[in-house]
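Following the numbering used here from start to finish, the sequence shown increments by one per residue and tops out at 526.
There could be a bad hint or two in this list.
In silico DSSO-like cross-links for lysine-lysine, where the CA-CA straight-line distance does not exceed 27 Å [said to hold, decoys possible]: (1) K111 / K239; (2) K239 / K35; (3) K339 / K383; (4) K480 / K354; (5) K519 / K430; (6) K262 / K508; (7) K117 / K230; (8) K452 / K467; (9) K19 / K175; (10) K35 / K84; (11) K514 / K309; (12) K434 / K411; (13) K84 / K52; (14) K335 / K271; (15) K514 / K302; (16) K452 / K362; (17) K418 / K383; (18) K262 / K335; (19) K161 / K284; (20) K84 / K155; (21) K155 / K190; (22) K362 / K430; (23) K354 / K519; (24) K175 / K155; (25) K480 / K508; (26) K257 / K335; (27) K325 / K383; (28) K309 / K329; (29) K519 / K310; (30) K325 / K503; (31) K228 / K271; (32) K489 / K362; (33) K309 / K284; (34) K175 / K84; (35) K362 / K480; (36) K508 / K489; (37) K335 / K284; (38) K519 / K262.
I should point out that these hints are in silico values taken from the structure, not numbers from a laboratory.
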Amino acid sequence: MKNYLIITLGTRDVQLRKDLIEQSGVWRTVAIEGKRELMITNGEAELVVTPNPNEAFPDYYILLPRKMGLSLYRQLPQYRTVVELPLIMPLVNKLQEENKSIDQVLLIYTDQESEHARGVIDGFHYNNDTRYFKDIAKALLQEKFAEAQISEYGITEKVTNIDFQYQHFTRTKHDLLSLPPEQIGEIFLLPQGGIDQINQAITLQLIQAFKHKVRLYQQAEKTDVTELRFTHYFLNDLNKQKIIKHLEDYDFDKALDLYLNNTWERKLCHYAHLRLSLLLDDAIKLGNEFSKKEKQIIGYELVGQISKIPFKLSRIEKLQIKLQDTIILFKVLCIQKKYNEALIKLFTIFENLFKTSIETQLSLNKELGDYYNPEKNVSGQNEKWENLLNSLDKSILPYLKQEDIWIDNPNRKAYFKIFFQLCRIGKVTSILSEKELNNFNTLIEELAGKRNGIAHRLSSVSKTEFDTIIQKLGYTTDSLFDTLDKIASTKELGLFKVIKIKLLEAQGG
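Could you put together the complete structure from these sequences and hints?
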């Protein structure tokens, strides 16, 4: 893993030590008549400078970045003992004191040569380019980081346009660094010199790309260099907004990945995810692991709903809960506009609604699906299955044949017709009338073609197509939800809505 030091260069980053010049006895300081500027000379080298107006740096001279920067760079050996980087070196020294290894240094500078030639910018801004300060800083930093590779990156246009710079670094942020993200350890960023728009753009883009690897520093006036918490705050807020969006959509699995710590929030989100993934045993186990303090925060009413499911469930009890959770998941998929997945899930619900109801009301010891025999086909006989049907009622088998239902194996159509006939003869009950049951069955058959296309032919179904089909039979999405709720004793989004609200409250959403 390699560490980076990234510095944006400004007009005050290269300065000359006034006190060292005055004390040396070698240099002469000559006032330029009628100007605030001074000439620093030793007979061979000369440089025009200005006293630093910043009260935090009274012992420094500053100079015009382009013209005098070039002159200083050409004469650097003569001036080396009095040239400093007073806004940069405090961070360099801090990193070295903390034994932070720096493998790569990147200097970001401005060079508006082309825009100046076209008359886009004036001479003032052109002369403030840090093109030559970059060369001076590179030479001085190489003394500090003998083993590090020092590279440079120039900004040549629209330096004060935040929109342009933000989009620019969107495209180039990974190109700034010579290594792939997985090989980068830490990025020490000092975005203080230069132009605010560049500093803001590169800071935001680097944080978004490399997240907590970015460590942001500031050298404020008359204070020591400090590490800012902006990276932490920014990423936390960004993360919070993502969590809120996923919770609003009941995407508990996506929200789960964004919780950074194993807090009660993450546990509660994980519980909802396990339930909607039909991992009921795991969910029950997790639901009983909340600490006393966590229960107080979550609220005993919600905790009670979670922990009321016992560890030991009968097969039927487990199926009923899973069926209810699947119905909630179907609704969630509709909310998320994932109609392909929703349609597949609806057929799972339809098959299990009536199968589970038969098994529950007749207290069957064996699941109906267990009578499936893959060796059978439509022309074969499944004696065990037929015997089971006859044991339910002698009218079942003739009724299925009358309705042209395959009796070789258990199947979706058979489950519905068995349930329907058992209702008619009073052996099981339904909250839906015969008409409502038939209408619901017709709806499923109307949707079968779409479902088969998704499962077998890579087809898809849009919201418009889904709505059109169900509306032909007098349904809306809401009335379809209501029908499912009636059959399975669910209500809207049930416990999952309560969990969502609790988690949103914790996010301030």
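Practice item. With a cut-off of 27 Å on the C-alpha distance, tell me whether K239 and K35 pass. Key: holds (18 Å)
Exercise for review: Please work out if K155 and K190 have their alpha carbons no farther apart than 27 Å.
Suggested key: Satisfied, since the Cα-Cα distance of roughly 21 Å is no more than 27 Å.
Exercise for review: Assess, step by step, whether the Cα of K117 is no farther than 27 Å from the Cα of K230, and give holds or violated.
Suggested key: holds (14 Å)
**Study point:** Restraint check for K362 with K430, where alpha carbons must lie at most 27 Å apart
**Key:** holds (16 Å)
Practice item. Measure nothing beyond the straight line between the CA atoms of K325 and K383; if it is 27 Å or shorter, mark the hint as holding. Key: Given pair K325, K383 holds - Cα atoms ~26 Å apart, limit 27 Å.
Practice item. Decide if the proposed pair is consistent with the structure: K84 and K52, CA atoms, cutoff 27 Å inclusive. Key: Roughly 17 Å between the alpha carbons, so the hint for K84 and K52 holds.
Review point. Given the hint that K519 pairs with K310, does the C-alpha gap stay at or below 27 Å?
Key: holds (16 Å)
**Study point:** Given pair status - K262, K519, alpha carbons within 27 Å
**Key:** Distance ~14 Å between K519 and K262 Cα, so the pair holds.
Exercise for review: Starting from K262, check that the Cα of K335 is at most 27 Å away, please.
Suggested key: violated (31 Å)
Point to revise | Proposed proximity, K271 with K228 (alpha carbon, max 27 Å) | key: holds (18 Å)
Check your understanding: Holds or violated: are the alpha carbons of K514 and K309 at most 27 Å from each other?
Key -> Judged against 27 Å, a Cα distance of about 23 Å means the pair holds.
Check your understanding: Does K309 pair with K329 here, judged by a C-alpha cut-off of 27 Å?
Key -> Between K309 and K329 the Cα gap is close to 23 Å, so the pair holds against 27 Å.
Consistency note: the structure conflicts with the earlier hints numbered 5, 9, 18, 19 and 26.
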